[in-house]
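Sequences are here, hints too, so could you generate the full structure?
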Amino acid sequence: MSTVAFNPTERASAPASSATAAHTVRHKIAQREQLTESTGHYWGIEEFTLKDADPLKFERFYSRLQSACMAAREVARFVAASPGGREMGEAVWALATAEGDSIALSEGFVAHSAAFPVAVRFMVEHGYEDNPGFHDGDVYVADDGFSCGAPHPGDTYTYVPIVIEGEVIAWACAINHIMEVGAPQAGSWAMFCVDTYMDGFVFPPTRTGENLRQYAWWDEMWKRRTRAGTMNILDDKMRLAGAGMILRSVHEVVAEFGVEYFKRAAREVIEESRRVVMDNIRNWMVPGTYEQCGFRVCKFKGLQKLWERADTDTLIHMHMRTTVDARGRICNDMTGSSRWGYHAFNAFPGGVKVAFMLGLAGALAYNTKFTAGGNYAVTGVLPEGSIYNPGTQVASHSNAWAQMLQVTTMAYNALIRGQFMRGYMEEAYAVSAPWDSVQGEGVLADGTPYGYTNFELLGACGHGAFAYRDGEPAVWFIASQLCNMGNSEEFEYLIPPLFHLGRKLQPGFCGHGKFRAGIGLTTVHWVVEPGQRLTASRAGSACSFNTEVGQGMMGGYPSPGAAVVIAQDTNLPELIAQGITPTTLQELVELHASGQLKVGKLETWKSDAPDHNLKDNDLWAEIAGTGGGWGDPLERDPLAVLADANAGQVPAEFAENLYGVVLSRRGAGYCLNAEATQAKRTALRAERRAQSLPVRQWWQHGRNQVLEGSMPDAVREMYRSSTSFAEYRTHFRDFWQLPVDFEI
-2 MSTVAFNPTE
8 RASAPASSAT
18 AAHTVRHKIA
28 QREQLTESTG
38 HYWGIEEFTL
48 KDADPLKFER
58 FYSRLQSACM
68 AAREVARFVA
78 ASPGGREMGE
88 AVWALATAEG
98 DSIALSEGFV
108 AHSAAFPVAV
118 RFMVEHGYED
128 NPGFHDGDVY
138 VADDGFSCGA
148 PHPGDTYTYV
158 PIVIEGEVIA
168 WACAINHIME
178 VGAPQAGSWA
188 MFCVDTYMDG
198 FVFPPTRTGE
208 NLRQYAWWDE
218 MWKRRTRAGT
228 MNILDDKMRL
238 AGAGMILRSV
248 HEVVAEFGVE
258 YFKRAAREVI
268 EESRRVVMDN
278 IRNWMVPGTY
288 EQCGFRVCKF
298 KGLQKLWERA
308 DTDTLIHMHM
318 RTTVDARGRI
328 CNDMTGSSRW
338 GYHAFNAFPG
348 GVKVAFMLGL
358 AGALAYNTKF
368 TAGGNYAVTG
378 VLPEGSIYNP
388 GTQVASHSNA
398 WAQMLQVTTM
408 AYNALIRGQF
418 MRGYMEEAYA
428 VSAPWDSVQG
438 EGVLADGTPY
448 GYTNFELLGA
458 CGHGAFAYRD
468 GEPAVWFIAS
478 QLCNMGNSEE
488 FEYLIPPLFH
498 LGRKLQPGFC
508 GHGKFRAGIG
518 LTTVHWVVEP
528 GQRLTASRAG
538 SACSFNTEVG
548 QGMMGGYPSP
558 GAAVVIAQDT
568 NLPELIAQGI
578 TPTTLQELVE
588 LHASGQLKVG
598 KLETWKSDAP
608 DHNLKDNDLW
618 AEIAGTGGGW
628 GDPLERDPLA
638 VLADANAGQV
648 PAEFAENLYG
658 VVLSRRGAGY
668 CLNAEATQAK
678 RTALRAERRA
688 QSLPVRQWWQ
698 HGRNQVLEGS
708 MPDAVREMYR
718 SSTSFAEYRT
728 HFRDFWQLPV
738 DFEI
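Residues in the sequence shown are numbered consecutively from -2, following our numbering.
These aren't lab readings, by the way, just hints derived from the structure by calculation.
Among these hints, one or two may not hold up.
Unchecked claim - What follows is a list of derived Cβ distance ranges for each label pair: (1) Asn654 x Lys612: 34 to 44 Å; (2) Glu30 x Thr227: 41 to 51 Å; (3) Ile577 x Trp304: 38 to 48 Å; (4) Asn484 x Asn643: 24 to 34 Å; (5) Asp710 x Ser35: 42 to 52 Å; (6) Gln675 x Lys612: 52 to 62 Å; (7) Cys328 x Thr389: 18 to 28 Å; (8) Glu43 x Gln702: 47 to 57 Å.
Beta carbons are placed, not taken as given, at the ideal position from N, Cα and C, and that holds for glycine.
Right, here's the structure in full:
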């Protein structure tokens, strides 16, 4: 095997002259679209000529590319980068075609490959191919949802063109979630943004280096525009180190297989995986329409003192109609979702495609080569003016994930429901993944400023309940195959004043049902020597204020969402002297209720907590990370309820009210009172019947509420926003049988 090492002194450039127009990226994008649309096959690949001629050579070719991406991840992540990229799976390295379609990816954020074509198209349409041109080993970086498809500015992408004899044949790509984005509100998910000018360090695809080396000014931008400059620079070097490894590997592969083989084989690989994904959709789902809705509260009222237009509470409506056709294609129609607004939760189409694929990517393609093929099997309808396609660059998207994780959940739930109807019991579970995070900024005693985000309640979540068994705790991450909450020690040295008093499962915190979800996670942070200043705020995808996803779980309870408790001016040193410390959010609340923990101020936030100035011995407790239950809780095996109580997984107090199971004390544990349990469940069912309404009466009551407008202001505005789209207005009027001229 011959090898070709990348030579930084010889820069191959992509041509722009008419004589070589067929080799330009612009021409390739147009040709790919024309052939794919006219034939229904990626790049018009109807026969696998290379694969069929020599299958072993074809598989060896792909394995070289796949191993290059995996090697890039395993080596580059140990560049001294942030915990999210190094150990938590908040990163991915990939090889993409000249048009931006992924050919091979490492483990990690694989769904983000859906954003690659957005950045490449933007660069081509805005003249980058001529000015400054694409050269082998150039470095481009982007984090802007409008121009590069990033779901939010915390997701930062690196693109390196791979040029052979003047032709861009591929891109080495990398993405990771950085710790701090430089918005007025510190952290990686600024929650209280009004427009994009508050989103932080947001930039379109920008050439930041050449010859696999960043320009000196680029490091200075990270230092000047973000609060975690050193960490962000190291993350940037991590992404580039892996991309450089992929570039060198591709040069070696091309030297062995030839450039024409590379281009044709890459297209065959993508078409092959597209067909496998569509086969899986046909095998696992039932053709038809799956309709779902989700909600995200945005409580800005009273918090916005400078921007009057944003001083309002908003209930964001996420409406999805997932259509599965007989060919094995999925289309997620978001018509009826809220219009974009002056808040941080808007999104752009590229980021929404990432959200569609976040759960589906691994689920649909785990038994095939992982490529952009799946992206061609899943499409969407995103009406202009909606929260998913604002039609303006002004819309803030600093925490689009706060509502888009529900988009991911709904897309995944459509698959789960199809599998359940097909009889795939092992695959069917209640999908929800509410994450939470503490973020902020500070100034150390010596005057050193810094910014931070703690990802621990993002990277690990409890499985929702399965159709036949309980979910497991802390073993699942909807965004990646690499479930990991990171090491406490890592976060403690990166965020000096915050120490863990506890990081554990919170008994009873889960979606309950015949089968319950995995128990959720809780952490308690203790503020020690905050220096000159320490602020903290809460970022998360869900709130305990309202249900995040309106989904049927065969009678099971939904996920309890996420919440934060902040205790300030405490007597914690006195408790520590007595050997007492709160290790869970609930323990903190109970210690305060008992009078042992004295506080100057105690706050519970079931929505987004704004910036708080924290002092010595203040406590920040949060809870999140569990899914929904499956089935009626009154059908749960009483012995399972007893086992949970004796294991401390679910408090015994929950048993009687939630499950109708009566337990009696026996020594240090509990025993089951079977006769009392039967009577209790009979009584609870009778109580349900007494409180229930026939569907006709429920519908009439709801219709009257709509006609009279007797609903909270935020709900009324939500419906007014959604019904401003004609198709959903018809849907809404038809359901409630309203007059044609009815307006909310």
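Hints, one by one, checked against the model:
1. Asn654 x Lys612: 34 to 44 Å: Given a distance of about 39 Å, which is inside 34 to 44 Å, the answer is holds.
2. Glu30 x Thr227: 41 to 51 Å: About 42 Å separates the Cβ atoms of Glu30 and Thr227, which means 41 to 51 Å holds.
3. Ile577 x Trp304: 38 to 48 Å: With a Cβ separation near 44 Å, Ile577 and Trp304 satisfy 38 to 48 Å, so the hint holds.
4. Asn484 x Asn643: 24 to 34 Å: Once the Cβ atoms are compared, 31 Å apart, the range 24 to 34 Å for Asn643 and Asn484 holds.
5. Asp710 x Ser35: 42 to 52 Å: holds, 51 Å
6. Gln675 x Lys612: 52 to 62 Å: holds, 54 Å
7. Cys328 x Thr389: 18 to 28 Å: About 25 Å separates the Cβ atoms of Cys328 and Thr389, which means 18 to 28 Å holds.
8. Glu43 x Gln702: 47 to 57 Å: With Cβ atoms ~55 Å apart, the hint holds.
Taken one by one, the earlier hints all hold for this structure without exception.
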